[in-house]
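A.B. asks: Throw the hints in and build the complete structure from the sequences for me.
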Amino acid sequence: MKTPRALVPIAIGLLILGGWEWFVRSGRVDDVLVPAPTQIGEWFWSSLRDGTLASATWVTMRRLMLGFVIGAAIGIPIGALCARSSLARDTIGILSLGLQTLPSVCWVPVAIIAFGQNEAAVLFVVVMGTVWAVVIAVQESVLSVQPLYLRAAMTMGSRGWHLWTHVIFPAALPGIISGLKQGWAFAWRSLMAAEIFVVILSGFGLGSLLHAGRELLRMDQVVGVMLVVVGVGLLADLIFFSPIERWLRRSRGLER
Amino acid sequence: MPVSPESSSQLTLTNVTKRFNGRAGLVTAVEDINLQVKEGEFLVLVGPSGCGKSTLLGLLAGLEQVDEGSIKLDGADVVEPGRDRLVMFQQDALFPWLDALENILFGLRLKPGLTDAERTEAARYYLDLVGLADKEKAHPHELSGGMRQRVALARSLAPNPRVLLMDEPFSALDALTRDQLYGDIQKIFTQRKKTIVLVTHNIREAVCLGDRVVLLSPNPGRIRQVFNIDLPRPRRINDPALATLAADITNALSAHLAQPKEGLE
Chain Z
1 MKTPRALVPI AIGLLILGGW EWFVRSGRVD DVLVPAPTQI GEWFWSSLRD
51 GTLASATWVT MRRLMLGFVI GAAIGIPIGA LCARSSLARD TIGILSLGLQ
101 TLPSVCWVPV AIIAFGQNEA AVLFVVVMGT VWAVVIAVQE SVLSVQPLYL
151 RAAMTMGSRG WHLWTHVIFP AALPGIISGL KQGWAFAWRS LMAAEIFVVI
201 LSGFGLGSLL HAGRELLRMD QVVGVMLVVV GVGLLADLIF FSPIERWLRR
251 SRGLER
Chain R
1 MPVSPESSSQ LTLTNVTKRF NGRAGLVTAV EDINLQVKEG EFLVLVGPSG
51 CGKSTLLGLL AGLEQVDEGS IKLDGADVVE PGRDRLVMFQ QDALFPWLDA
101 LENILFGLRL KPGLTDAERT EAARYYLDLV GLADKEKAHP HELSGGMRQR
151 VALARSLAPN PRVLLMDEPF SALDALTRDQ LYGDIQKIFT QRKKTIVLVT
201 HNIREAVCLG DRVVLLSPNP GRIRQVFNID LPRPRRINDP ALATLAADIT
251 NALSAHLAQP KEGLE
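Listed in order, the protein sequences are those of chains Z and R. My numbering puts the first residue of the first sequence at 1, with every later residue one more than the last. My numbering puts the first residue of the second sequence at 1, with every later residue one more than the last.
Heads up, a few of these hints could be off.
What the hints assert, rightly or not - Covered, in the sense of this in silico footprint (three residues per stretch, anywhere, with C-beta under 8 Å from a C-beta of chain Z), are these stretches of chain R: (1) 81 to 88; (2) 102 to 110; (3) 133 to 141.
Source of the hints: derived by calculation from the structure; they are not laboratory data. Beta carbons are placed, not taken as given, at the ideal position from N, Cα and C, and that holds for glycine.
C.D. replies: Here you go:
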């Protein structure tokens, strides 16, 4: 019988966790600095039961989704405009390229001064983290749509809005989705930076929880929150972006 | 649009000249082209690379604009792309995100005055005409090169254009598939009496398909000679009479060119 593919990684994972547990329990390191997996598990369980983890995750996810959707909603039309007009490309396009290289944590001071320690500031940082990557990706993928498709569509009478919705966007969709994925990753990073960097009075997210763990010298909490952050990122990729990308590639014959 | 009864020519090119801004300055792609295409005629533009035959087709499609002269279809100036002149491109240009039927429906949906049921019926009819009735749900990548060109043919025929323009649609296909398509095209042409303008560098292909073969020479693109092909249809590409005629045209072209260019068959 063939061993299931998941078996080996699970076994290796358990082995590492076991080794780690043994290493900490044997007293070779201070468990304040390096908590054992069971200690992290305990924190996980208790914060799950008193609801802090769920509420923090919810606060963070809500900010992330809202910021990402706003960022994408701004970025997609701007990217399309940049692809369409060379004037927009030479101005907004260049600006986006520059701002995309700016680490999004740099927006935090601006946001705090402009909005204060509140929801608007966090949202601003997340939107700034998302929008430039989306603008660049949409611009590039629209520009690289095969001219042949446009010529064919135009001979069949497609113009203007119809051309955009029926030819340009479908043709550019794989690139746009990768751009959104990248925008999502940037949004996620910038949100964490904002939540760790400043105390947001309007709600405690995962970043605040992480920050609190540092102040209390609770390494189990710090590592536990980090694992949740990793988990959220993985889940977004596994249940949202990857299936869409795979479906797109498969239906166009780019992947079997 | 009414066709004036006294002239049987449908597509008229008068003193057409087109220039491009190349790296070496202004390049004249085609110069002073005068040509009439009759209703229901199969006209072939043939010539070596650089003779401007594809430029000429782009002008007919309205994808490019003439610099001098005029192009008229049924008496009206050709100024932009339109569904009265549909194009079959060298690559099939099918949309990879749509299946075969949806690709054919693309042009039909843009044609006003039809119900959805009529559009679907027409799309199925043309898919059947090119022998792919069982492939309507197949995406382009699931079809062979020949099948894709067949779908492209169905797509350009479905909205019932006045003129079908073909830009070397067979050049990327293998010889067997090509021979098959020659047969299909002739069958459809004879059945539906569609006006067709084909561009090719393959003289045999030109003689096999055309009622008239217009020989172009390069630098700048000009009409050299026009040949009437009176062979009975359906024609076979391996027919000896056809081969002889093709050889005559090749010789005519070689005589016109100071140095014989490659790219001719």
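A.B. asks: Hint by hint, say whether it matches the structure.
C.D. replies: Results for each hint:
1. With 6 residues carrying a beta carbon less than 8 Å from a beta carbon of chain Z, the region 81 to 88 of chain R meets the three-residue requirement, and the given coverage holds.
2. Proximity of the region 102 to 110 of chain R to chain Z, defined as three or more residues with a beta carbon under 8 Å from a beta carbon of that chain, is established by the 3 residues found.
3. For the region 133 to 141 of chain R, the stated coverage by chain Z holds: 3 residues have a C-beta nearer than 8 Å to a C-beta of that chain, and at least 3 were required.
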